[in-house]
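Modelling step: build the complete structure from the supplied sequences, incorporating the hints.
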Amino acid sequence: MKNRLRVLRAERDWTQADLAERLAVSRQTVHAIETGKYDPSLPLAFKIARLFESSIEAIFDPGAARA
Amino acid sequence: MDPETRPSLPHGADCSVESARTTPYLFAFGVAYVGALFALRFAPMPRGAQIAVALAPAAVFVLYLVRWLGAIRRMDELQRLITLEALAIAYPLALLLIMTLGLLEMVGAVRHDFINYLRLWPLVFWLYFIGLLIARRRYR
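Going line by line, the protein sequences match chains A and B.
Take the numbering used here: the final residue in the first sequence is number 77, and no numbers are missing along the way.
Take the numbering used here: the final residue in the second sequence is number 264, and no numbers are missing along the way.
By construction, these hints were calculated from the structure, which means they are not laboratory data.
Predicted, not measured: the structure shown is a model, and the values here were computed from it.
Keep in mind that a hint or two might mislead.
Okay, derived cross-link-like pairs now, SDA-like style, lysine to any residue, Cα gap no bigger than 20 Å in a straight line [unchecked claim]:
id, chain 1, residue 1, chain 2, residue 2
1, A, LYS12, B, ILE258
2, A, LYS47, B, LEU208
3, A, LYS57, B, ARG204
4, A, LYS47, B, ALA195
5, A, LYS47, B, MET223
6, A, LYS57, B, ARG260
7, A, LYS47, B, ILE258
This is how it looks when you write it as structure tokens:
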């Protein structure tokens, strides 16, 4: 699904590797989430929301979820 | 190096780090296996020694398997999913391959001495890597 992860990351001047380290996942996972190729699990989505001090709904757009 | 592509730190279970942890064991298995092949083919030895040499690569492979399972436990959720999809592709294909070869052998379409365990297992081994390539492409 579409999300604002890349925008939020860019606002903090983080690379994908920086974000991956903060989330304790691989850079490949961050890339796949940003490009909408992979939807994170609920625990990871909560971790992302906490990291960016936002809500899951504000970051991820379920209306544009992949079929 | 492009900051977008530099590798993650180890605790993120980056593929390249995990490969660095498991590849030496896979290489050791390769050496043990090739060594056993040559030894069994060219070095005369008593029957007991032959069996011990034949089993030695299996012991090394078990070491690799333990490291690989540890690597899977350290993987993040997407990497575990990719590994699962790779196995989901490879395992049924391996079954299909063996089943089909068995039937072809029954009707004489495949020579009994051509398809043996020594020639078959590398095919099964490569099916996993084909599955891994297919699974990884999906999330690239």
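Outcome of the hint check:
no. : hint                 : result
1   : LYS12(A) x ILE258(B) : violated (23 Å)
2   : LYS47(A) x LEU208(B) : holds (17 Å)
3   : LYS57(A) x ARG204(B) : holds (18 Å)
4   : LYS47(A) x ALA195(B) : violated (23 Å)
5   : LYS47(A) x MET223(B) : violated (35 Å)
6   : LYS57(A) x ARG260(B) : violated (24 Å)
7   : LYS47(A) x ILE258(B) : holds (14 Å)
In terms of the numbered hints stated before, the structure departs from hints 1, 4, 5 and 6, listed from lowest to highest.
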